[in-house]
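Position 293 (the sequence shown) corresponds to 565 in my numbering; numbering is contiguous.
Be careful, since some hints might not be right.
[Claimed, not checked] With a cut-off of at most 20 Å between alpha-carbon atoms, the simulated DMTMM-like pairs for lysine to aspartate or glutamate come out as follows: (1) Lys378 - Asp445; (2) Lys378 - Glu408; (3) Lys300 - Glu315; (4) Lys294 - Glu315; (5) Lys533 - Asp514; (6) Lys436 - Glu424; (7) Lys533 - Asp564; (8) Lys436 - Glu450; (9) Lys300 - Glu319.
None of these hints come from the bench; they were simulated from the model.
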Amino acid sequence: MLLMASILLGGGLAFQYLEPEKEHSLPKATYYTWCLVFAEPPEEFPESRFLQALFFIVPVLGLTVIIEGIVDLALMMGDRRRYERSWCTMMAASMSQHIILVGFGKLGFRTYRVLHQLGEPVVIIERNAEGQFLEEARRNGAPVLIGDARREAILSDANIARAKSIILATDDDLANLEIALDARKLVPGIRVVLRMFDQNMADKIREGFNMHTAMSQSAISAPAFAVSAIESSIVGSFVLDDQLIVMQRWKVRSGGLLAGKRVGQAISDHGICVIEHRVRGKAQGCLFPTPDTILSVGDELLIQAPYHVIQSLRSDSPAPRSN
Numbered sequence: 273m274l275l276m277a278s279i280l281l282g283g284g285l286a287f288q289y290l291e292p293e294k295e296h297s298l299p300k301a302t303y304y305t306w307c308l309v310f311a312e313p314p315e316e317f318p319e320s321r322f323l324q325a326l327f328f329i330v331p332v333l334g335l336t337v338i339i340e341g342i343v344d345l346a347l348m349m350g351d352r353r354r355y356e357r358s359w360c361t362m363m364a365a366s367m368s369q370h371i372i373l374v375g376f377g378k379l380g381f382r383t384y385r386v387l388h389q390l391g392e393p394v395v396i397i398e399r400n401a402e403g404q405f406l407e408e409a410r411r412n413g414a415p416v417l418i419g420d421a422r423r424e425a426i427l428s429d430a431n432i433a434r435a436k437s438i439i440l441a442t443d444d445d446l447a448n449l450e451i452a453l454d455a456r457k458l459v460p461g462i463r464v465v466l467r468m469f470d471q472n473m474a475d476k477i478r479e480g481f482n483m484h485t486a487m488s489q490s491a492i493s494a495p496a497f498a499v500s501a502i503e504s505s506i507v508g509s510f511v512l513d514d515q516l517i518v519m520q521r522w523k524v525r526s527g528g529l530l531a532g533k534r535v536g537q538a539i540s541d542h543g544i545c546v547i548e549h550r551v552r553g554k555a556q557g558c559l560f561p562t563p564d565t566i567l568s569v570g571d572e573l574l575i576q577a578p579y580h581v582i583q584s585l586r587s588d589s590p591a592p593r594s595n
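Modelling step: build the complete structure from the supplied sequences, incorporating the hints.
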């Protein structure tokens, strides 16, 4: 493109200065050169020897540049893997407020799928070029940079200067910490989500280095393992400020504490959040019902609350009748 622009501008200036009597404007003179590129003489054969030479040289030179550019672009688009690094670097450079995901193992892949469903732009950095999940990311059009993110050049290729956050999901704690510090050095205000296997270390890093989020996989999975062994109706759990928060399926029973109440009353009286309300006999539920929604006997709910709150709610409700 730069070469073609040089040809057009140079030819236009030549027409202007070598034919002053015709008073060509620069756009008109440049258009004359554009016509010559396609062997379409814009005027009669000129008297100037230099312009006569342009009439023969420009068509050959211009068409050569255009054809070579088309061929190169076709090769790049048809063989993306060959030019993947350049292609992905260009894609990342065009992004803004994107998320950089470092490490594309099982955790990184699941994190990517959630971000992709949310419509968030993601740039992936992975050391292993043979990673089993990379193909899906490529099919989705996500830029994939193969390399060690501990090199600042890789972070620059991922356009970290315009990224809103970076997720470090490799299985190497020291590498995650090193990359986090490099990211903070390049962009001091970037949001850092850091994976650590040791929760004690994760807590110290979060406090000592002012990381936004530092978590261990065991801390995330332990509540899920524990509550799954207690209640089959519990579908999710996490720990917040040393409190176990659970999400559980619940059926409204006759004489129960929730029967006949509105959703707003259930929230204010018992401190629970009603995430889903499914009317008895209906297959489709309503997410986040309005506070005026009445909870009738037989309705099915998905509620969320601290585990001890749900325990107390269960202990004050009548036991289900056996058939």
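A quick look at each hint next to the structure:
1. Lys378 - Asp445: holds, 16 Å
2. Lys378 - Glu408: holds, 13 Å
3. Lys300 - Glu315: Answer holds: Lys300 to Glu315 is near 12 Å, not above 20 Å.
4. Lys294 - Glu315: holds, 11 Å
5. Lys533 - Asp514: The given pair, whose Cα atoms are some 30 Å apart, is violated under the 20 Å limit.
6. Lys436 - Glu424: It holds: about 17 Å lies between the C-alpha atoms, which stays within 20 Å.
7. Lys533 - Asp564: holds, 9 Å
8. Lys436 - Glu450: holds, 19 Å
9. Lys300 - Glu319: holds, 19 Å
Hint compliance for this structure: hint 5 alone is broken.
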